[in-house]
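A.B. asks: In case you want the letters, here they are:
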Amino acid sequence: MTFPWLTTLIAVPALGAVLTALVPQGRSRLAKQVALAFAILTLGFAVAVIAQFDLGGDRFQLTEQNEWISALGIYWALGVDGIGVALVGLTAVATPIVALAMWPEAEESKRDPKVYFALLLAVEALTITAFVAKDLLLFYIVFEAMLIPLYFMIGMYGGPQRRYAALKFLLYNLFGGLVMLAAVIGVYAESADAGQASFLLADLMALDIPVETQRWLFLGFMLAFAIKAPLWPFHTWLPDAAAEATPSNAAFLSGVADKVGTFGMIALAVPLFPQAAEDFAPVIVALAVISIIYGALLAIGQTDMKRLIGYTSISHFGFIVLGIFALTDRGMTGSTFYMINHGLSTIALFVIVGFMISRRQSRLIADYGGIQKPAPKLAGAFLIAGLSGLALPPLATFLSEFLVIVGTFEEYRAAAVVATLGIVLAALYILWLYQRTMTGPVGEENADTRDLGLRETIVVAPLLALILAVGVFPRTVVDVIDEGVGPTLSDVGVEAPDPLVSVTDQAAEGDEE
Amino acid sequence: MNPTPYLVLATILFTLGGAGVLLRRNALIAFMSVELMLNAANLAFVTFARMHGNIDGQIVAFFVMVIAAAEVVVGLAIIVMIFRTRRSASVDDASLLKL
Amino acid sequence: MTLTNVVTLGLAAQTEGAQEVHEASGLISTTWLLIALPLLGAAVLLLGGRRLDRSGHLIGCAAVIGAFAWAVVLFVDMLSHDAHERAFSVPLWEWFNAGGYEVRLDLLLDQLSIAFVLLITGVGSLIHVYSIGYMEHDERRRRFFGYLNLFVAAMLLLVLAADYLVLFIGWEGVGLASYLLIGFWQYKPSAAIAAKKAFVVNRVGDMGMVLALASMLVVFGSTSFEIVFAGADGAQTGWLNTIGLLLLLAACGKSAQFPLQSWLLDAMEGPTPVSALIHAATMVTAGVYLVVRSAAIYDLAPEARTAVILVGTITLLMGAIIGCAKDDIKKALAGSTMSQIGYMMLAAGLGPAGYAFAIFHLITHGFFKANLFLGAGSVMHGMNDEVNMRRFGALRSAMPATFLTFAVGYLAIIGIPPFAGFFSKDRIIEAAFGDNVLIGLCAMIGAGVTAFYMTRVMLLTFFTSKRWEDDAHPHESPRVMTWPLWALGFLSVAGGLGLLYIGGGIVDWLEPVTGEEHHDLPLPVAVLIALTMTVVVLGAGVAWFMYQRRPVPVQAPAGNPLTVAARKDLYGDAFNEAVLMRPGQYLTRSLVYVENRGVDGAVIGAATAVGGLSARWRRWQTGFVRSYALTMLAGAGLIVVAMLLVRVP
Amino acid sequence: MSLLTAVAAQASETSTSSGTTGEEVLFWILAPLAVLGALGLVLSRKAVHGALFLAMTMVSLALLFLALEAPFLGVVQIVVYTGAIMMLFLFVIMLVGVDATDSRVETIRGQRGAAALAVLGVLVLLTAVTGRAALPDPIGTDEATPDGNVYAIADLIFGRYVWAFEVVAIVLITAAVGAMALTHKERVTRRLTQRELSERRFRDGDPRNAAGLPVPGVYARHNAVDTPALLPDGTPAESSVPAVLVARGAARPAEEFAEDIGEIGPHGQKPSGLQPQGEGDQPEGDATAGEGGPNDDVPADDGGADDDGARPDQDEADGGDAR
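Those sequence lines, one after another, are chains A, B, C and D.
If you read the first sequence in my numbering, its first letter stands for residue 110, the second for the next number, and so on.
If you read the second sequence in my numbering, its first letter stands for residue 202, the second for the next number, and so on.
If you read the third sequence in my numbering, its first letter stands for residue -8, the second for the next number, and so on.
If you read the fourth sequence in my numbering, its first letter stands for residue 224, the second for the next number, and so on.
Hints may be right or wrong, so weigh each one.
Partner residues aside, some chain D positions facing chain B, computed with beta carbon under 10 Å [unchecked claim]:
1. E292
2. A339
3. G354
4. E419
5. F425
6. P465
Derived by calculation from the structure, the hints in this document are not laboratory data.
Values in this document were obtained by computation on a predicted structure and should not be read as measured data.
Yeah, the Cβ is synthetic: ideal placement off N, Cα and C, and Gly gets one too.
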């Protein structure tokens, strides 16, 4: 038997969470170091997993399958395709960075910081599990279980309204999760009807579910994912959570954990119910376009920096969902790529805003101004992160946004045209934020703002470097993702359209003449 | 003899026990009414056991009695506890279940 | 409309596809160095930290001058090839391949791009040198040079790209550099706002670019020049028009053409060398480059080309009118830039008849407008950064070098032979007449107005009487600033003649890329030239009468309605504010309201409703055991009833 | 006991010959008794009466069990249920107050009507079901119990149901331990010595009671503990009657006593002190608050006889009697 890489990849952060929690009270520094060490160790294992991913190999690799509850057909089944491996990479990269970014944050509340770090590792383990789960029930369990540590992270450490935000977050996601549970059971019942009752995704995808049933089940799944992702009009929990959670927590939440929602759309909702996905695609595309514009407009109207970034995430999630439900190769590849890039850039934005807040103790934009002068490095990092937020080439976000728009344009012209409005609005909200916080005359209270320290530089530099490097050399990442998207779409029965004018044909005609 | 009269008797006793639980405020009487209901159920079990010629019903009745004994022990202990602190054996006084 | 005659002619004149592109070898394969040098310079300067503060400007200049030198080497190498063998592709690496859409980061070096490369690096080098003096007292000079280098790198990528998507990287890169440089003095709120405005307006253009790229992908399955141009023949005209219009939208944004012109005047908040390099000589002409580069598409898209002509014509008149009314010397020049780019657009819209002239005018304009801006910068430098021309006057003796070079630029822009502008602009006016008399007349009137506002600038600044502020002590700028002025002055004199007649001239040079075609003119060329010259002299004369013969008030007079409108940029900003910003703000505010009260309110309302209902229903939970027992009994009874009812007989 | 076995023997004898009248006679005697007992339980005002009624029902049922060929259960019913469990009930009733009478006033609005409705509904429903079912004549358990009922039951309990049996055993043990844990009272303070008690009486009690409470019933004729002592001026010493009796309303009022002795003192008109005190809602007040100091050394929760019968309506009734 081969080494269970994926199980190990899950076990390492889980073990880290337990060990961090076991560190004696009061030795918070040690707890943080343990947590960071395990996060880095996880990154190491993730790198090993990515290195073993064989381009052009099987669709799902490094698979493991052990019976868990055999009577019900539940398995501990893991495996990664291109999409999964990319997102695992994102999670593994993000966690140590977020852990380092939250270094002093946990102390600001009066609670023991070790819990915060233990919870972070727990979320990491659950998120990775969600990305590699090949059993529907396993996915569902981690999808829901993830809410628990996140709930406590928001509710215990955060702003003055944290309890409200945490409760709202929990209720929204729980509601979606419960509807999804019904759909999960529905799928299971279908598989039982078909003979062998199983939660194994491979078995479920082979099912031939009647269209009418598909539609209901699809809606059940989509509701959960749309809340998680979040899609308009199920989004209102995110700005509250983003505003009230600590910055690094907000970063991890919207940068990584929420990707489970969009991942679920690609990996579950679409391939399990291809017919229903096609039927509902226009509706979801419309919602996604509304999300893009609505999120962007609301971001412009915000006065609170973290809330603003929360709304930008809604806009960006709109792009991701748009690309997925355009149901084109480029769109879906772009969306998956977008997930990675949005993760990186949102984490960067939240983290940097967190640095600003830690200096000034205020989330309000109006309290800042002219920071560029006392803290040029901070401003520069903020600008680059912001530019990646507004998808400036050659930063990585550009390519993904472009692919999404292109992929959508192939199928839904009007939606793509409206979505491009989003890139104008993105420039507006990011640059206006930059203008109001970083430029202009320096107020007295901001005159001696500290510039980025060593720890902060270590946090920000790899993020920005990654954003740039992936943008300039995106080939490998895109290839890996494309590897996963192709089979997913062929599950749905979508073929990449031929261009209207094929140059090679023409050349052939020319030769004939 | 046909089992029907036994069952009707069991029904009547059961209902009277239910009435006792619902109407009496004295915890002890309510409790005894519960015992009455259990007994009625036992009667039905035994009747059916005889009807079917299968004494498993008697076994169930037996277990019911044992469990009832255990229940009485704990229940009475609770009543005594409540009485000690609240000086009352009225079930209505123990209405702290609501907020 | 008579413009449609272009269609048939354009189709007839269609050259046999683009020239063949060769794989680069030898020297040419090092084209990437052109981009790498300034990019490296930018990286070193921006990441290098304070220890480079002293030497930063030298590194910056070295990077650009090195790139220029290398461009000259490459140019010479190209000359060694046949006229139709001068297009080379320089493969770098495959950028990505998503779902069959492959984009390679390749460069394309051909006659058109080398012309731009030489202009960018050449003028860029001069402006870098000039900036050493201009920014001497700025503590962030290193950063300034870093941004300038970044700009040069991005601009070179723009013109060297062999794929629209790669071009777009450069396109956005110059936008970023422009944003950074306009807002360079970002402690001034006006500069920060102007920078943001420039970026956002450009983004509107980018929408067009992105959609154009998407359309190309749908139609051709690729965005590489090679495939798109080769496939253009077989594509439906509707698609080509769409792509052409979308590209035009992008070009309008970048080149400040109507209706996206409003950012350029505000962009003058940046340091003057920036205005010279980015907002006059190079970046703003990127739109023209885009149109000319996409010749294969526009040749087959008559409606799109008509739109280009219209946009160009409108902008050339608008810019000229705005230029007449501005008292700020840089804004007057900015209006002039708009107007001149309008000429280029107009020429580009004329198709193969005008492409070469558009590029020709673009290059000469690069020379003389950079010259003028740097001269204006030199004046400001000597006058405590004063920009109001009503506070200048009689500076010719105080700043002789600046005066002389500025005068050369002035003569060039108004098109006095044999200065550079005469050759390029006159050709455009001719071509415009060849296409359509109305358009030709507009172009000619534009020339007259140009003469008026440029004479006005000249007179108000260097002639008339002293109207200086009390503490002004005008002095000539240091050598490091005047030397580039002389160089540009020389180019303004000789550039036109040189480009036109040396080695076959620029028109022949570009012919393999742009094609060539001649229209019959309604009037003989000589008559046209004479008419144009008359109009120009008339314009200059009016200005002379208005400003030299009468005293110039320090306070601007109220002026006639046209002046008032021109001072307000012909209500471009007012229009944007009324039609876009106000409703946008209102929309945003109402959406915030809707979000809080509506969407979130619905959710919270639902929660409150459930909560209220629970509070009601809670009363059922009396806490009395007997109530619960009653419920249980009733429930048990109901279950029995249900079982009886559904019992299978 | 011998009577019971005799009846049982007769019953089982009769039952073997199915359809004979012996069983029917037995049933028609015992069934009304059982229903009567149940009614008595539900209707009796005093818990102790209810317990006795229930015992009657249970014994009837035990006999019916015998008739139903379940002699083992019948005996267990008597021994365990009637014998042990009911005794436990009686213990607790004594502990809680043997004289506690229930008020007939319903405090939960609508409970009585709804309960009656539900009970009647269930009764009609169940009797309709059981009464209308055409049940076959019983097979009888003879074949299932070749060696007799007890052997067969033992066989099942220690065979097929041994697992359940063991679990039930654990439940019983747990219940026993649980009951002990629940009723066990932890003494948190040291037990006071006699000296300390005495000192405390001086310190915070009424000094008049320093020598201890007066004893009741100086001129007792019977059961004198319910009769208050008289003070030298002829008034009854209210504190001389145990508070428990006062709370139950079992103390003799002063008037009655005065009538007995033929004359009454000037202060004898105030019998209120001997009336049950306070409201049922404040049980503590009943025991101690009424008289203040004198009862302080009786721990408030020390199993004193009290009950919730001390309700206003009953107060009035008793007061009316007294007048």
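A.B. asks: If a hint holds in the structure, say so; if it doesn't, say that too.
C.D. replies: Consistency of the hints with the structure:
1. E292: holds (5 Å)
2. A339: Holds, because the Cβ-Cβ distance from D:A339 to chain B comes to roughly 8 Å (cut-off 10 Å).
3. G354: Hint on D:G354: holds, closest Cβ of chain B at ~5 Å, below 10 Å.
4. E419: Hint on D:E419: violated, closest Cβ of chain B at ~24 Å, above 10 Å.
5. F425: violated (29 Å)
6. P465: violated (16 Å)
Hint violations for this structure: numbers 4, 5 and 6, all remaining hints satisfied.
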